[in-house]
Each structure stands twice: as C-alpha cells, then as structure tokens.
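Chemist: Going down the list, the sequences are from chains U and H. Counting in the working numbering, the first sequence runs from 1 upward without gaps. Counting in the working numbering, the second sequence runs from 278 upward without gaps.
Just so you know, not all the hints are guaranteed correct.
Pulled from the structure, derived: some chain U residues nowhere near chain H, Cβ distances all over 10 Å [said to hold, decoys possible]:
id: 1; residue: Asn-74
id: 2; residue: Tyr-77
id: 3; residue: Pro-79
id: 4; residue: Leu-197
Not everything, but these chain H residues come out facing chain U in the computed CB check (under 10 Å) [claimed, not checked]:
id: 5; residue: Asp-320
id: 6; residue: Ile-321
id: 7; residue: Arg-335
id: 8; residue: Ser-403
id: 9; residue: Leu-404
id: 10; residue: Glu-406
id: 11; residue: Leu-413
id: 12; residue: Phe-417
id: 13; residue: Pro-472
id: 14; residue: Tyr-517
The set of hints was computed from the structure by calculation and includes no laboratory data. This one's a predicted model, so the numbers in the text were calculated from it and none came from an experiment. Where a beta carbon is used, it is the ideal one built from N, C-alpha and C, also for glycine.
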Amino acid sequence: MKPSLVNTAEPATYAQIWTFRTPRARLALWFGWLALVALFVYCWQVMNAETMWVFVADAPTQAADIGSRMWPPNLGYLPELMKPLWDTLNIATLGTLGGVIMAVPVAFLAARNTTPSTVLIRPLALWVIVASRSINSLIWALLLVAIIGPGLLAGVVAIALRSIGFVGKLLYEAIEETDIRQVEAVSATGASAMQRLNYAIVPQIMPAFWGITMFRWDINIRESTILGLVGAGGIGLKLQSSINVLAWPQVATILLLILGTVIVSEWISARVRHAIL
Amino acid sequence: MSLETTYPMHWRRPPRMLRDRRWRLVVQGAALVYLVLAVGSLDIEWSRVVEGLARGQRFVEGFLQPDFTSRWGDIRQGLIESLTMTLTATVVGVLISVPIGIGGARNLVPAPVYGVCRTIIAVSRSLQEVIIAIFLVAMFGFGPLAGFMTLSFASIGFIAKLLAEDIEECDMHQIEAVRATGASWWQVLHYAIQPQVMPRLIGLSMYRLDINFRESAVIGIVGAGGIGATLNTAIDRYEYDSAGAILLIVIVIVMLSEYGSSYLRRFLQ
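Whenever a hint applies, use it, and build me the whole structure from the sequences.
Modeler: Here it is as structure tokens:
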C-alpha cells in the first residue's frame, strides 16, 4: 500500500488510493510498537543480567538426556499410585465443596443488587474475591503446610480458599445479570427480602451456579495434582519424591497418569455442563 | 371413590434437575457415600492442627502488620525478576501464539495444518506451569530465564486457543466481501480477520499478562526465579511479616493490572 496524500485536517482533494489507516493512526501505531519493543529489550536485559549462558547452551543435551532416561515409563509403578490419585481427587472435590460453600455468601454480598450495603460490605467482599484470586493455590498450600502441618487437610483448605475468588466472581456477575422483572413479580406478592432471594434470584442463577462449580472442579483437579510438591498430599508427593531420587521412569508414569486424569475430568466437566446449560 | 379430589394447599417448588424421584435418591445417596468415604480418608491429626493455630495467628498478625523494610533488597530483586519475566514471556507468547491461533481456525486453513496447531494447543494447555518449570529449571539452570520459558510456553496454549475460537466466530460476510474483491489469503487475513479479532486479542494479551504475573509468583517455588522464590524463602524462615508484605504486594499489583486492563478494554471497544 502506498501512503495516502490525505491531509488529516480538512482534505481539499481526496486521495485516489484507499488506505487502511490515516497517517496519524499509522504514526501512533508505529510509536506504540517501538515503545513495546524498547520495553521488551530493556526487560530482557534486566532479566538476563545474571543468567549463566553456559547452562543455556547446554540445554539441548540436558533435554535429550532426561528424555532418554524417562523412556520407557515404569508402568509397574501404577498400582502404587492409586491411593495418591484417590487422595488427589478427594482434595479437589472436597476443596471445591468448601470453596463453593464459602463463595456463595461472598457472592451475594458482592453483587450490587443483593448486597446489604454498597458502601461498606460490597468493597470488602470484592476485596476477599480479589485476594483469593491473586494468590495461587500452591502458595496457599505452602502457607497452610507451614501452619497446620503437611497432609491432605492443608491441600483441601488451600483449594477451597483459592476457589472462593473464582466462584465468587463468576457467581456475583451472574447475580447482577438476573432479570429484575422476576424479582419485582415476587416482591409484588408481598415476599420478604429472604423470600425474594429464594424464589426470584436463586432459580435464575442455579444453572450458572452448577456450571461454575463443575468448571472450578475441573480446574481444581489440575491444581491438586501438584499440591504435593509443597507437602499438601496427593499424587504430587509421589512426583516430588521420584524427582528427588532421580527415578525418571517413575516421573514419566506419574506425568502420564496426571495427563490422563486431567483429560478425563475435563471431559466429565464438559459433559455435565453441556447437560445442565 | 368419591368425586372430590383434595388439592394440596401448599405449593412446592418443583425440582429443576433430575425430575425423576428415583434418580434423585440414587444421586443423593451416592454423593453421601462418597462424602463419608472421602472425609474418612482425610486422616487429620487434630493435635497438629491445634498446635498450628498459634502459628496461623502469627501469620495473620504478620499479614496485618507487614514488614516491607527488613527484606526489602530481596523483595525488590524478586519483583524486578517477576515483572520483567512476565512482560517478556507475554510478548513472546503472543508472538508465537498468533500464527498457531490462525492455524487452529477451521475456516482459514486446510485440515492438516489445523490438526498440527490444535495438537500444540492441547499439549501446552494440559501441562501444569509448575511441572513445565521443574523440567525447564533442570535444563536451563535456576533463574528467571527458565521462568520466562515456562510462562511463554503456557501462554501459547491459552492465547492460541481463544484466538482460534474467536477467528472461527468471525463474521463470514466480511470475509466473503473481501474475498470477492480478489484478495489473496494474506489480504483476507489483514483486511477481513484482523480488524474483527484485534480488540479481543489485545484484551486476551492483557489478561494473560495478569495471569503470567500471578503464575510467576508460583514457579519461583521450584527455582524459576521471581517473587515466588523470595516468598518461599520467607515462609521457610518463618518470617511471616515479610511473607505478608510480599503477598500484599502481589495482591495490589494484580488489582492494579486488573483495573488497568478493564479500562484499556473499554477504551478499545
């Protein structure tokens, strides 16, 4: 494309060639890209100030080495993994359950149309949601293992605390999108505030609620597979101990099992959501 | 039999799901059995939990009175690593995922290319960041470069998948109109697809920037640099006030980036 001859202010004659953007937009775009590239280069320099390039150059050999050690996977290790897998599924399911139970009141307090006070309680509920969302479940697990000791309970609580933000956010958005006319119809019958919630809002958000719960359950299965790395139980514990003793065929088996579990749980969650919605 | 039928005086809400009563009982029973089994296998040591509550209280106190100063050098270093890692990984991730996303759109490319691109997306999405980080740290050594590699790899699956879905949902009329002028494949991409998906792509990139920052706080635990390494050290030393300070910084940055990206998205639309 040739540059156009258009004067951006008030063109006396229009250019004969159509262009995608005005010259000013093109200039702004170029400056935007230039700034991004400059920022990228600067960040790259800062980030790699202490990088040992010897190790980086060595990476392909390392990768080939680990790869050859991992193959073939040690399938005889599978029966030993069934108990940790059951633990992992429990962490995810019980964690989702706990998270949802805590998230529902938070969501009702955070939604603009059901909160008792937009000045005081709504910002607090929103803060709870943001705080829970910004801290990953692995960090929650790290804290909880230090506080209540290693084990499944730390994993369950970590998953639950992390789920509050996700479920709370999606649920309060669903509550805010409910049809106001149904609420008015129910209040016209003389319903109290709680009855309005129960008969006008809850039936409207029920499908969204189950969809969000299944979606979060699926994510929680993924996250609970690695919680064992910091000592919170499940299949991650086996992964950590196998890596520590450099038993690469066992690591490969565990990774395959995790991959299979994730795919199956995603399939289940997609089927259930499809059936509900 | 009398002709008078008694009508129920109270209305009962009909069940929304599982209309059949027997199925409802089966599902409820199974859920109950599972709950009993699952809670039974938790194996909680209550004495240890009670002992830990005091420590939990200290953590809450540390969170309420965060100590930014005594470990400020480490925190600053970790933050710089995390932020630079996040930006570079997002840029590289977006650059790689745009061609893969285009290749994963069924309405633009032949079937073999579609299959290859969708496979790359599936592989990248099904592996956890932390697991990738463990391997990349083993390959590239400790430090933010391994973290950068991890986050770039994880970004590919996320952005390419959503971009491909967005391209598939594009308005076909615009594509046909541009094609009718005799445009080549590249010109269709440039004049028909790109204007439709650009706002969404920018939104996705901002969202991924946000996710990458949060993840950068995690992958440090396995040695990939960033604020996560600092946090891990603080918790290992039982310095809950420093840990509280780090968590507060992470929360504030995530909040800022969330407000910033929602503002930017509104500005672009």
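Chemist: Please write out, lowest number first, the hints stated earlier that are contradicted by the structure.
Modeler: none
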